[in-house]
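**Student:** Taking the hints as your guide, dock the two standalone chains into a single complex.
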Amino acid sequence: SAVISQKPSRDICQRGTSLTIQCQVDSQVTMMFWYRQQPGQSLTLIATANQGSEATYESGFVIDKFPISRPNLTFSTLTVSNMSPEDSSIYLCSVGWSGGASDTQYFGPGTRLTVL
Amino acid sequence: GDSVTQMEGPVTLSEEAFLTINCTYTATGYPSLFWYVQYPGEGLQLLLKATKADDKGSNKGFEATYRKETTSFHLEKGSVQVSDSAVYFCALRDAGGTSYGKLTFGQGTILTVHP
Numbered sequence: 005s006a007v008i009s010q011k012p013s014r015d016i017c018q019r020g021t022s023l024t025i026q027c028q029v030d031s032q033v034t035m036m037f038w039y040r041q042q043p044g045q046s047l048t049l050i051a052t053a054n055q056g057s058e059a060t061y062e063s064g065f066v067i068d069k070f071p072i073s074r075p076n077l078t079f080s081t082l083t084v085s086n087m088s089p090e091d092s093s094i095y096l097c098s099v100g101w102s103g104g105a106s107d108t109q110y111f112g113p114g115t116r117l118t119v120l
Numbered sequence: 288g289d290s291v292t293q294m295e296g297p298v299t300l301s302e303e304a305f306l307t308i309n310c311t312y313t314a315t316g317y318p319s320l321f322w323y324v325q326y327p328g329e330g331l332q333l334l335l336k337a338t339k340a341d342d343k344g345s346n347k348g349f350e351a352t353y354r355k356e357t358t359s360f361h362l363e364k365g366s367v368q369v370s371d372s373a374v375y376f377c378a379l380r381d382a383g384g385t386s387y388g389k390l391t392f393g394q395g396t397i398l399t400v401h402p
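Residue numbers (this note's numbering), protein chains in the order written: chain A, 5 to 120; chain B, 288 to 402.
One chain only, chain B, in its complex shape (with noise of 0.2 angstroms):
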């Protein structure tokens, strides 16, 4: 079945560091895949996706670009705040089937940048 491996965390950064955090993944056919972020205390946002290979999602200064060759989705950022500090989820949705919508998550990393 479909699968998301994040790195390991937690990550600790100074602020204005810069931030990889790495996602490969599992899946048949072409899925869309995502980062999503959760702020301490909040529900889960949006944060970017790609929806085919080759595409860059890009959103508040963060990057991740679908590598279908390397079944990756690493999220970049070039300097990071301390309002990043967050917990970050990579997912895939399943471009179809009997899970048609199914979003598989990424065990998650926690991500704090101190001053």
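The shape of chain A in the complex, shown without the other chains (with noise of 0.2 angstroms):
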């Protein structure tokens, strides 16, 4: 398993600023994954950080509104860009590993975001 922070844990930001959100984990990990749930919805992965190269981004998702960095195993960041109110959702950093007998996903505590 692995212990995964996130900074800041909430915030409250201003229409059209941009937030950076911090992931932090206690050891080597393959894989990084940043999630959004918005209000009463599921998950959606944004995209994956890959370490070293640019991020994977999904379907309806795009770098200019979330750059994402990984500069290496332990640590990603993404940032949400020139936000407004429909950016308000929880998002989530995993972690987990390619290959191996572990296909487990862990998640970090989450960084709740108002926009006002």
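Treat the hints with caution; some may be incorrect.
Stated by the list, open to error - Computed beta-carbon distance windows for the label pairs:
1) T21(A) / T399(B): 36 to 42 angstroms
2) Q18(A) / D342(B): 46 to 52 angstroms
3) T292(B) / F65(A): 37 to 43 angstroms
4) D341(B) / Q28(A): 34 to 40 angstroms
5) E62(A) / D342(B): 35 to 41 angstroms
Unchecked claim - Facing chain B, according to a computed beta carbon distance under 8 angstroms, are these residues of chain A, among others:
6) V33
7) M35
8) P43
9) S46
10) L47
11) T52
12) Y61
13) L96
14) G100
15) T108
16) Q109
17) Y110
18) P113
19) G114
Hint data in this document are derived by calculation from the structure and do not stem from the laboratory.
Backbone N, C-alpha and C define an ideal beta-carbon position, used for all residues, glycine too.
**Tutor:** Next up, the structure:
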């Protein structure tokens, strides 16, 4: 398993501003993902954060809106750019390992974002 | 593409009642299947998983069996407690391809257990 922390845990932001969310893992992981959970909804994958290369985005999500960095095997950031009230969601980081016996993903506690 | 369908909620039960939350899926290949739980105000936690047909995942009195013939992974518990009140998510992990590692979630089922 892995212990995952996210910063900030919550924030209230103004329309048009940007927020960067950090995800830190206590061990090296192969895969890191960013999900969004809109109010009362399920989780939707935004992108896969690839170490040392550009993130892989899911349909409906673009790099200009959600730039992602992953400088090493234990850390990633997600930026929500030019925010609008529709971006109010919980953003979750998850980690996993490719191959091997474990295919479980573990989730961070989430960042609750409110955009006014 | 992959999809997961859960029974609609919310589900309200009395303590010690039997619980079933239905989950069916559509996927190519042989995905791994998961149940995650989200307690009020907390993050997502893995409850149980199964990685191949006929596997049974179990944890904390909850069980789910990977049924390939019916593409289902229903969650069951024989006697629920108030502390089981939470949102339950069924999910699958693609076996490979371009979305390797991606989890696809169902819409979630809210469970409320009354004393």
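**Student:** Each of the hints needs a verdict: does it hold here or not?
**Tutor:** Verification of the hints:
For the hinted restraint 36 to 42 angstroms between T21(A) and T399(B), the CB-CB distance of approximately 37 angstroms keeps it satisfied. Distance hint check for Q18(A) and D342(B): the Cβ-Cβ separation is about 49 angstroms, which falls inside the suggested range of 46 to 52 angstroms. Distance hint check for T292(B) and F65(A): the Cβ-Cβ separation is about 23 angstroms, which falls outside the suggested range of 37 to 43 angstroms. Distance hint check: the CB atoms of D341(B) and Q28(A) are about 38 angstroms apart, consistent with the given range 34 to 40 angstroms.
Restraint check, E62(A) to D342(B): a C-beta distance of roughly 28 angstroms breaks the suggested window 35 to 41 angstroms. Using the Cβ-Cβ criterion of 8 angstroms, the hint placing V33(A) at the interface with chain B is not satisfied: the shortest such distance is roughly 11 angstroms. A cut of 8 angstroms between beta carbons decides the hint on M35(A): the least distance to chain B is about 5 angstroms, and the hint holds. Proximity of P43(A) to chain B is violated relative to the hint, the smallest CB-CB distance being about 12 angstroms (cut-off 8 angstroms).
Because the beta carbon of S46(A) sits about 5 angstroms from the nearest beta carbon in chain B, less than 8 angstroms, this interface hint is met. About 5 angstroms separates the beta-carbon of L47(A) from the nearest beta-carbon of chain B, less than 8 angstroms, and the hint is met. A cut of 8 angstroms between beta carbons decides the hint on T52(A): the least distance to chain B is about 7 angstroms, and the hint holds. For Y61(A), the shortest C-beta to C-beta distance to chain B is roughly 12 angstroms, which exceeds 8 angstroms, and the interface hint is violated.
At its closest, the beta carbon of L96(A) sits 7 angstroms from a beta carbon of chain B; the interface hint therefore holds under the 8 angstroms criterion. Checking G100(A) against chain B: minimum C-beta separation of about 6 angstroms stays under 8 angstroms; hint holds. Because the closest C-beta pair between T108(A) and chain B is about 6 angstroms apart, less than 8 angstroms, the hint holds. Here the hint on Q109(A) is kept, as its CB sits about 6 angstroms from the closest CB of chain B, short of 8 angstroms.
Annotation: Y110(A) was flagged as interfacial toward chain B, and the flag holds, the nearest CB pair being 7 angstroms apart, inside 8 angstroms. A distance limit of 8 angstroms between C-beta atoms decides the matter here; for P113(A) the minimum to chain B is near 4 angstroms, and the interface restraint holds. Given hint, G114(A) at the interface with chain B, holds; its Cβ is 5 angstroms from that chain's nearest Cβ, closer than 8 angstroms.
Of the hints listed earlier, those the structure fails to meet are numbers 3, 5, 6, 8 and 12, in rising order.
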